[in-house]
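One line per chain: the protein sequences are A and F, in this order. Reminder that position 42 of the first sequence reads as 42 in my numbering, one-by-one numbering, no gaps. Each number in my numbering corresponds to the 1-based position in the second sequence with 278 added.
Hints are not guaranteed to be accurate.
What the hints assert, rightly or not - Which chain A residues stay away from chain F? Per the calculated CB distances, all over 12 Å, these:
| hint | residue |
| --- | --- |
| 1 | Arg-9 |
| 2 | Ala-78 |
| 3 | Gln-191 |
| 4 | Thr-205 |
| 5 | Gly-238 |
To be verified - Sample of chain F residues at the chain A side, in silico, Cβ under 7 Å:
| hint | residue |
| --- | --- |
| 6 | Tyr-505 |
| 7 | Gly-513 |
| 8 | Leu-514 |
| 9 | Thr-568 |
| 10 | Pro-602 |
Hints in this document: simulated from the structure, not taken from any laboratory. The beta-carbon is built from N, C-alpha and C at its ideal position, and this holds for glycine as well.
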Amino acid sequence: MSEALLRVRGLTVAFPTASGPGEVVKALDLDLDRGGSLGIVGESGSGKSMTSLAIMGLLPKGATRSGSIEFAGTELTALRERAMRAVRGDRIAMVFQDPLSSLNPYYTVGTQIAEAYQAHRRGVTRRQARRVAIAAMERVHIEDAARRVDHYPHQFSGGMRQRVMIAMTLSMEPELIIADEPTTALDVTVQAQILDLLAEIRADTGAGLILITHDLAVVSEVADRIVVMRDGDLVESGTAERIFTDPREPYTRMLLEAVPRIDDEIGLLRTTAGEAES
Amino acid sequence: MIRFLLNRVAGMVVVLFLVCLFTFVIFFVLSPDPAVQVCGKNCTTEAIDQIRANLGLDRPFWTQFWTFLSGLFAGRTYGTGANAVECAAPCLGYSFQSSQPVTDMIVQRLPVSATVAIGAAVLWLLAGVTAGLVSAVREGRFADRFIAGLTLTGMSIPNYVLALALQFLLVVTLRWLPFPHAVPFGEDPVQWFMNFLMPWIVLAIGAAAVYTRLTRANVIETLQENYVRTARAKGLGPGLVWRRHALRPALTPIVTIFGMDFASLLGGALITETVFGLNGIGKLAADSITKNDQPVIMGVTLLAAFLVVVGNMVVDLLYTAIDPRVRVGSAT
Numbered sequence: 001m002s003e004a005l006l007r008v009r010g011l012t013v014a015f016p017t018a019s020g021p022g023e024v025v026k027a028l029d030l031d032l033d034r035g036g037s038l039g040i041v042g043e044s045g046s047g048k049s050m051t052s053l054a055i056m057g058l059l060p061k062g063a064t065r066s067g068s069i070e071f072a073g074t075e076l077t078a079l080r081e082r083a084m085r086a087v088r089g090d091r092i093a094m095v096f097q098d099p100l101s102s103l104n105p106y107y108t109v110g111t112q113i114a115e116a117y118q119a120h121r122r123g124v125t126r127r128q129a130r131r132v133a134i135a136a137m138e139r140v141h142i143e144d145a146a147r148r149v150d151h152y153p154h155q156f157s158g159g160m161r162q163r164v165m166i167a168m169t170l171s172m173e174p175e176l177i178i179a180d181e182p183t184t185a186l187d188v189t190v191q192a193q194i195l196d197l198l199a200e201i202r203a204d205t206g207a208g209l210i211l212i213t214h215d216l217a218v219v220s221e222v223a224d225r226i227v228v229m230r231d232g233d234l235v236e237s238g239t240a241e242r243i244f245t246d247p248r249e250p251y252t253r254m255l256l257e258a259v260p261r262i263d264d265e266i267g268l269l270r271t272t273a274g275e276a277e278s
Numbered sequence: 279m280i281r282f283l284l285n286r287v288a289g290m291v292v293v294l295f296l297v298c299l300f301t302f303v304i305f306f307v308l309s310p311d312p313a314v315q316v317c318g319k320n321c322t323t324e325a326i327d328q329i330r331a332n333l334g335l336d337r338p339f340w341t342q343f344w345t346f347l348s349g350l351f352a353g354r355t356y357g358t359g360a361n362a363v364e365c366a367a368p369c370l371g372y373s374f375q376s377s378q379p380v381t382d383m384i385v386q387r388l389p390v391s392a393t394v395a396i397g398a399a400v401l402w403l404l405a406g407v408t409a410g411l412v413s414a415v416r417e418g419r420f421a422d423r424f425i426a427g428l429t430l431t432g433m434s435i436p437n438y439v440l441a442l443a444l445q446f447l448l449v450v451t452l453r454w455l456p457f458p459h460a461v462p463f464g465e466d467p468v469q470w471f472m473n474f475l476m477p478w479i480v481l482a483i484g485a486a487a488v489y490t491r492l493t494r495a496n497v498i499e500t501l502q503e504n505y506v507r508t509a510r511a512k513g514l515g516p517g518l519v520w521r522r523h524a525l526r527p528a529l530t531p532i533v534t535i536f537g538m539d540f541a542s543l544l545g546g547a548l549i550t551e552t553v554f555g556l557n558g559i560g561k562l563a564a565d566s567i568t569k570n571d572q573p574v575i576m577g578v579t580l581l582a583a584f585l586v587v588v589g590n591m592v593v594d595l596l597y598t599a600i601d602p603r604v605r606v607g608s609a610t
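One chain only, chain A, in its complex shape (with noise of 0.2 Å):
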């Protein structure tokens, strides 16, 4: 076993609601290796993209964590602000899920690339961030990267977009990209260009990746290990062969069962709200 990059432990999430605090995370862990990916699969609502905002430390207003999340040796819950700023987009990055708009209308891709860079890297010149985000969307595969950097995000289709949102973290060689739901947004064609993006990016650099979908034919592309979250908790975690090959929880089942297939009767969906439910 390699050295690890992220251990949490008993990580929860909680928002005060009229009853006490709703807890959406409820003590969860999560070990990921070095260069390793990790897929945390689950329902809307499961908590899973909690837990992601909870590493980056972006949890909204109100939100409150405990736990420990221990980031290649340091502690992220006991930095302050500051400390955690140096950290966000240059050590960790994040993808998000609809990059139409997680993208600002008012500013050139470029201009969106270059400043997480020269936000990180003291004493840069426009001129070598502008080089950078060039240099980072051609390894993304954007055709015509020195012009293309100049454009603005509408200008982009879809998944264009998201290969920029994945430049943007590129830009600074994390050790850790999530990537929150990075394909639900965009065309079916155009995911499976984007997950190999991702496995491409991920085998260059070395780069950890966690990657969060309610869609386990996206995560079984992606990832070595997976865990199955719902309403906050852990269901199971295990390597990908395995989980997919043999799961032992019933919800898991439920889940890989949903998956719709090519042989599947017409007209037949299966969900989750079945037996596991209760």
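For this one, chain A is given, so just place chain F on it according to the hints.
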């Protein structure tokens, strides 16, 4: 871009033409016979007919309208022979009351209204946007609630009440300001400033309240945007997140509303100018309405419409500069 401009200008011309037509119908066709008014008391039927002929009121509607329109662009001549009076373009006719050219009356008063509008606009923009930002940053805290109370008060007090109350407080009771009287800027800038201070405040308070609410709502909404989260996730400091990613999108809609508000204010602040005795377009409008001085009412109405239409277009052009999404002609 040029195509877009031409389109806009064409639209503007159509709107202004319609405004001309409607005001013409309302003021010259539907209202009482202007000739009777011009003639005054002790008038004979012959005299009225004479005036009608002079004013061209005996001719068919479209001819009259055409004469009015061409007068706007090329000037027109009233009467015939030795009595002929030349009215240079843009000719809006003559006041029934003072016999002055309406164009001159408007041009004389425009600087006063412009001074009132510019001063008030500067005040309300500064106050409104600042208060809105403070409110957004301190959302739900004391400062936010305090400002919310102020805006509610500011929005509820009618202008004339505020004007009179201010005048009573600052001029009569505290004697901080002189009673408003016209002082040219060149003569005594301090007096000039003091003179305009009250009208500025009165006009600014209501608008500032609206701008405060708008700014607050826009900023709070923008801070919820996904791209603000992205900016934070990149590790940008709060200053940069605010300045670059929150403020610009939040303040852009304010440009639109400001352009419209400012343009319509340039066309005269009726109540405020009247209360403070400022000889601007607003007072001119009020006076001409009470005296049923149709050419003047019509001139003021056309000016207001023109300013709003032009203001609208300026805002549209500004928008293409500010928001890349509406920039025309950019390739995809």
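Structure-based check of each hint:
no.: 1; hint: Arg-9; verdict: holds, 23 Å
no.: 2; hint: Ala-78; verdict: holds, 18 Å
no.: 3; hint: Gln-191; verdict: holds, 19 Å
no.: 4; hint: Thr-205; verdict: holds, 18 Å
no.: 5; hint: Gly-238; verdict: holds, 29 Å
no.: 6; hint: Tyr-505; verdict: holds, 4 Å
no.: 7; hint: Gly-513; verdict: holds, 3 Å
no.: 8; hint: Leu-514; verdict: holds, 5 Å
no.: 9; hint: Thr-568; verdict: violated, 49 Å
no.: 10; hint: Pro-602; verdict: holds, 4 Å
In summary, the one numbered hint that this structure violates is 9.
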